[in-house]
Every structure is written in C-alpha cells, then in structure tokens.
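J.: Here are the chains, one letter per residue:
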Amino acid sequence: MTDFLDALGRVPDLLAQHLLLAMSALVLGIILSLPLAVWSARVPSVGRIVLGFASLVQTIPSLALLALFYPILLSLSTLVGGGIPALGFLPSLLALTLYALLPILRNGVTGLAGIDPAVIEAADGVGMTAWQKLRLVETPLVAPVLMAGIRTAAVWTIGAATLSTTVGQPSLGDMIFAGLQTQNWALVLAGCTAAAGLALAVDALLGVIERGIARRKRLGAWIAFGLLALGVVVALLPALPVRQETVTIGAKGFSEQYILARMIGHRLEAAGYRVRYKEGLGSGVMFAALTSSDVDVAVDYTGTIWTNEMKRTDTPPRDAMLAAIRDWQAKQGLNLLGRMGFENAYAFAMRGDRAKALGIVSLDDLVAKAPDLKFGADLEFLERPEWKAVRAAYPIRFGSAHAYNPTFMYRALESGQADVISAFSSDGRIAADKLTVLSDPRGAIPNYDAILTIAPRHARDARMIAALKPLIGRVPVEAMREANYMVDRDVGKVSPDAAARWLEKKVGL
Amino acid sequence: MTKTYPGGTTAVDEVTVEIAGGSFVVLVGSSGSGKSTLLKAINRLIEPSAGSVAIDGQAVDAEDRFRLRRRIGYVFQNIGLFPHLTVAENVAIGLRLEGEKDPRARVAELLGLVDLPADFAARMPGALSGGQRQRVGVARALATEPRLLLMDEPFGALDPVTRDQLGGAIRALHDRLGLTTIMVTHDMAEALLLADRVLVMDKGRIVADAAPRALLAGEGGTVAQALVAVPRDQMKRLGALEAGA
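Read top to bottom, the protein sequences are chains A and B.
Residue numbers for the first sequence follow my numbering, so the first one is 1 and each next one is one higher.
Residue numbers for the second sequence follow my numbering, so the first one is 1 and each next one is one higher.
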C-alpha cells in the first residue's frame with residue numbers, strides 16, 4: 001500500500017504532461033477534421049479519400065505510428081537544414097493527432113449526410129448561403145453526433161499517449177514502462193489508474209458538453225468546458241519560465257540507468273538546477289536525443305557507442321577506444337566527462353547448474369551445444385551489431401532466439417524458458433541467482449565502460465561540469481551490482497531513487 | 001426553358017409560359033411530368049439547361065440566387081422545419097437572414113395569419129401535428145412579405161380534412177395579401193377548386209392551359225381530360241351512392 005502511495009507521488013507532473021499532450025492532439029485533430037468533414041460531405045469523392053486515409057491510419061498500431069515519425073521528422077529536418085525535433089513532443093503530437101482524426105471525421109461526415117434532406121431544402125428555399133446553412137442549420141444538427149466522435153477520440157488519445165514514453169515524451173506511460181522494467185507493480189498500477197482516471201474524467205466532462213448541446217441546455221456544457229480548460233491551464237503552469245534552469249536527464253529502460261539518472265539528478269539539484277527525467281528510451285533514441293540536446297546529460301556505454309553509433313567492428317584496448325569516442329563525440333559538440341568507474345558489458349549467462357551439467361564454460365563451448373538451446377535476449381540485442389560480431393567470431397546457431405523485456409529475461413532463464421541469455425555484467429542478479437557468465441576467449445565482445453556525457457547545450461556549462469565531476473571514476477562495479485539488485489530483487493525491493501541514495505552514501509558522495 | 005439531366009432524361013422540354021401577377025396558377029400532372037422541375041427553376045433551386053426565367057421582366061439569374069430566394073416564399077411537401085429551432089425562430093428565419101433584430105411582433109402577426117395560437121411560438125416542431133407544421137411552413141414562407149409564393153405539393157403529406165382546410169386557407173391568404181401563387185399538385189380536384197388557371201403537364205410539356213370551368217366543360221385535350229375524369233367520376237359515383245342508398 002505504501003508502495004502505491006509512494007508511486008502516486010510521481011503522478012501529478014506526469015499527469016499534467018499527459019493531459020497536455022492528449023488535449024493538444026485532440027484540439028489539433030478537431031481543427032483538422034471539421035473542415036475536412038464539411039468538404040467530404042459536400043464532395044463525396046473527397047470523402048472517400050479522406051475517410052479511407054483516416055481508416056488506414058487506424059490500422060497502424062499506435063506504437064508503430066509513433067516510431068515512424070522519428071525517421072520522417074529526421075528527414076524533414078535535414079531537408080530544411082535542421083531544427084525540427086524528431087523526438088519528444090512533436091512526433092507524439094503528430095501521431096496522436098492522426099489517431100484522433102477517424103472518429104471525429106467519420107461522425108462528422110455521417111452526421112452531415114444524415115441530416116433530413118427536407119431541412120436542407122428548406123434552408124435553400126429560405127435563401128441561406130452555404131455558410132449560413134452551415135452555421136445555422138448543419139452545425140447545430142450535427143453537433144451531438146460530432147461530440148460523440150470527439151469523446152471517442154479523446155479516450156483513444158489519452159490511452160495511446162501512454163506510448164509516448166518510447167519516443168522520449170514524458171507521460172503516465174513512463175510509470176508503466178518503468179514499473180514493468182523494475183517489476184514494481186505499485187508503479188505500474190499507479191500509472192494505469194491515473195491514465196484510466198484521466199480518460200474517465202475527460203470523457204465525463206465531454207459527455208456533459210454533449211448532453212448540453214443535444215438538449216439546448218448551455219449552462220452545464222459551458223461549466224464542463226470551463227473545467228477542462230482549467231485543467232489544461234493548470235497543466236501548463238510548470239512550463240512557465242522558472243527562475244531555475246531545467247535540465248533533462250536521459251535514461252534507457254533498465255534499473256541501472258534509472259539509478260544512475262537519479263544520482264545525476266541529486267547532484268544537479270544540489271547545484272541549483274531543476275531536473276526532469278526522460279526514461280525508458282531506446283539506445284539509439286537516447287543518443288540522438290543527447291546530440292540534439294533534447295536530453296542534457298546521460299550515461300551510456302563505450303561499446304554501445306563504438307558499435308552502434310560509430311559503426312566500428314574492431315575491438316581496441318579500453319583507453320584507445322575511450323579516446324577515439326571522446327574525439328568523435330566532441331566533433332558533435334558532446335562533452336564526454338569521463339568513466340563512471342565500472343563496466344557493464346554484454347555477458348552471456350546460463351544457470352550455474354545447467355552450465356556445469358552441459359560442461360559449458362566459454363562461448364567456444366557453446367558452439368557445439370547451441371542448436372539444442374534456447375536463447376533469450378533483451379529487446380535490442382538481436383538487432384545489434386555486437387550480436388553479429390559474436391556470431392562472426394563464434395559460429396553459434398541457437399535452436400531458437402526470443403526477445404524479452406530485460407527483467408523478464410532473467411525470469412525466463414530461471415523457469416527454463418531460455419537456456420542462455422544476453423545478461424548485463426553489472427546486474428546483481430548474476431551473483432544472486434548463481435548464474436555462470438561465459439568467457440570470451442576470442443574477444444568478440446568490446447569494452448563497455450559506463451561513461452557520462454553532457455549534450456551540446458550545456459557542454460561548456462562550468463557549474464554543471466563541477467557538479468558532475470565528483471561522479472567520475474566513483475562507482476565500482478560491486479557497488480553498482482548491489483544497487484541494481486536492490487531494485488531488481490523481489491523481496492525488499494526499493495525504488496531507483498532510494499537505491500541511488502544508498503549508492504551515493506556507499507561511494508562517499 | 002428546358003431542363004435535361006445527364007443520362008438523357010428531359011424533365012422539362014422547351015416550355016414557354018407567362019404567368020400574370022396576382023393569379024393563382026396550379027401545375028397539375030402525374031409523376032415525372034416535370035412540374036416540380038419547372039417550379040424550382042423559378043427560385044433557382046434547379047438551373048435550366050437552356051432558356052431563362054424572368055420575374056417582372058428581370059431575369060432570375062441576373063441576381064444573386066440567395067437574395068432571390070428571400071424574395072420568394074417556398075413551401076414544399078416535406079415541410080422542412082428546422083428541428084432545433086422553436087416555431088418562432090423557424091418563422092423568423094427569413095427576417096433573421098435579413099438582419100432583423102426583434103421579429104417577435106411580426107412572428108405573432110404571421111402566426112395569426114395562418115390561424116395558429118400565439119402560444120405556439122415557443123413550441124418545438126417535434127411537438128406539432130402535420131397540419132400545424134405546414135401552417136408554420138407557410139408562415140415562414142410569408143415572413144419576408146414576398147409577392148410570389150411557390151408551393152410544391154404542399155399538402156401531400158397531410159390527411160384529406162387538413163388538406164381541404166389548408167387549401168382554403170392558402171387561397172384566402174392569396175386573395176388577402178395580393179400574392180402571385182404557383183402551386184404544383186397531382187390532385188386535379190384540388191387544382192380545379194383553388195386555381196384561376198390550370199396548367200396540365202405531361203412528359204415535360206404543357207398539354208393544357210385553361211380555366212377550371214373550361215376543363216370541366218371538356219376542353220384541354222386527352223391527358224387533361226383523363227385527369228379531370230377521375231374526380232368527376234368519383235363525384236358521380238358518390239352522388240349515385242347518396243341518392244340510391
């Protein structure tokens with residue numbers, strides 16, 4: 001219960017962001033749909049095209065639609081010479097607006113087509129112009145049906161907005177994704193309840209407006225509208241210029257990242273910054289966000305940058321790799337502050353008893369046994385160049401390969417659903433679950449030192465650099481593992497924020 | 001004028017006719033004879049394919065068609081009252097389009113003209129009977145004091161008693177206000193009883209043009225006489241029934 005109440009503490013800020021995003025998309029959807037609906041009702045061929053397009057959009061899964069806007073906006077940005085953000089609010093807004101189109105459009109067109117032809121004939125006969133007919137007759141008659149469509153669109157938008165987390169836009173989805181990853185069900189429940197509550201509240205208010213329009217009782221409708229507008233204004237308040245500067249900290253979708261982000265956050269708050277978090281980002285998304293200053297500071301890993309961003313296939317020694325990465329990043333305006341002090345490499349892991357039984361100690365041993373084994377990887381690994389590099393060095397062909405959310409990967413190993421997983425070497429569960437990590441004699445897996453990088457916007461910010469410098473080289477891998485385990489374990493689970501405070505004390509910050 | 005539709009149908013086939021101001025003219029014909037098309041060409045709800053229409057010597061397409069329609073009263077079978085407006089708002093719509101701010105007095109006057117109680121003003125169309133609705137329709141048509149009244153089968157959806165009452169009421173209004181009225185109907189009896197002049201249409205052409213008395217006397221040609229025969233025959237049979245029984 002207390003977990004749930006703690007989790008609720010994150011709700012107000014995310015609820016405000018969620019409401020703003022959903023309402024913006026709804027309003028934009030309405031603004032686009034209304035003239036299109038009128039045009040479609042007048043010209044049936046246009047109607048077919050427009051409704052067809054809206055229906056097509058609906059068939060695209062909302063997650064895919066959000067994801068698709070990233071390359072679209074990126075190309076658009078290069079076309080106009082930069083400046084168009086491909087992450088965050090803009091793609092979320094565009095995707096959700098497209099989603100809101102169909103219910104409003106369809107109801108509008110059907111409503112207009114359904115008006116008694118005699119009424120239209122009378123309107124013409126009395127000498128109304130097209131505009132007068134629209135204003136005095138068609139709009140009042142179509143309004144109830146249209147409002148029903150708007151209500152549907154509102155509920156859909158609020159629901160789909162939870163997915164905006166994946167493109168770097170904070171919403172109630174942040175809590176759901178984070179909770180899922182750290183198996184903090186209180187967090188998931190809090191996020192779900194808040195999102196559902198918001199949808200119900202907005203639907204109820206819009207329902208009052210709908211009934212008010214249908215029964216010509218304007219007062220109730222105006223009050224409900226006022227409440228909605230008030231909600232939006234309250235949500236906007238945090239966006240007003242603050243005395244303190246706001247810094248955005250980026251984090252990928254696993255416990256270690258959540259913990260480190262909180263550590264960075266604490267140090268920046270102590271230095272007088274206001275911080276907010278963008279969590280649950282994919283590796284590629286986070287790096288892009290950092291380069292474009294959508295995110296101001298983040299922890300990434302040398303191997304990830306080396307293979308995925310710099311597209312290198314060689315594996316030089318640590319220091320050479322770090323120097324090369326620092327130079328490469330500097331060219332893009334990024335300031336690589338330094339190593340955190342630990343490595344988190346991909347580590348192929350098996351259950352200790354299983355490894356012993358099959359006599360597997362290294363990746364070489366795996367080659368022979370692989371066809372009989374099931375591989376479990378995190379959501380990114382199967383598509384990453386490191387996996388290709390490993391298979392190039394060792395001809396490993398697994399019987400089957402399956403992608404999991406990182407947390408569930410460990411459970412799959414435990415239950416036998418997977419025999420080998422692509423674990424993280426700083427994960428506390430390796431020691432706790434007595435897993436065997438397979439050695440890499442051929443050196444196919446590069447180095448993955450954790451590094452702290454500042455985005456171009458604050459790259460020369462002396463105050464920020466001074467606040468974050470103490471973190472450099474501070475965190476040994478054993479401490480990181482313990483902190484990770486505190487968040488991941490089932491018994492006595494703590495929040496990433498609490499684990500961060502523990503870690504700070506442990507390393508003497 | 002002529003009106004043809006894509007696909008080859010000729011609704012109105014080179015009809016030329018002059019209608020005197022102040023007269024009550026009825027267009028009669030069976031379905032598809034072109035009478036509604038001809039009527040609607042006058043207030044430009046339909047545009048002719050060839051030829052032209054003029055009122056008081058001025059061509060109707062010389063003027064903006066919306067302003068034209070506000071000068072003409074239009075009443076039709078399905079009535080078309082605006083369901084979201086009260087009776088008063090319906091009646092006053094023409095005045096509102098002209099910018100009139102307070103039409104209440106005029107609305108009361110119009111309701112009186114069509115024999116509706118003044119308290120009907122606040123009612124919604126859904127609460128009225130068919131006959132009452134069409135009376136409101138007529139009041140609405142007359143709100144802007146038009147001199148021309150066009151009616152397209154105005155009593156088609158009403159029961160015979162109401163038909164008869166409203167028919168008489170319309171004729172009385174026509175006489176009282178000095179209107180020019182053109183009415184379309186497929187009921188020859190109604191035409192004969194109300195009109196000063198009857199135009200019979202068949203397949204897009206005017207086949208007969210005579211006063212009611214003349215038609216009853218046997219003039220007008222085969223089509224017209226076929227139409228007259230129906231009420232005349234019914235009259236005879238009813239008379240026989242009354243006398244014989």
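In case anyone wonders, no lab produced these hints; they're calculated from the structure.
Just so you know, not all the hints are guaranteed correct.
To be verified - Derived lysine-lysine pairs resembling DSS-like cross-links, with alpha carbons at most 27 angstroms apart:
no., chain 1, residue 1, chain 2, residue 2
1, A, LYS506, A, LYS493
2, A, LYS493, A, LYS434
3, A, LYS356, A, LYS369
4, A, LYS388, A, LYS374
5, B, LYS203, A, LYS217
6, A, LYS133, B, LYS236
J.: State for each hint whether it applies.
T.: Verification of the supplied hints:
no.	hint	result
1	A:LYS506 x A:LYS493	18 angstroms, holds
2	A:LYS493 x A:LYS434	19 angstroms, holds
3	A:LYS356 x A:LYS369	13 angstroms, holds
4	A:LYS388 x A:LYS374	17 angstroms, holds
5	B:LYS203 x A:LYS217	51 angstroms, violated
6	A:LYS133 x B:LYS236	50 angstroms, violated
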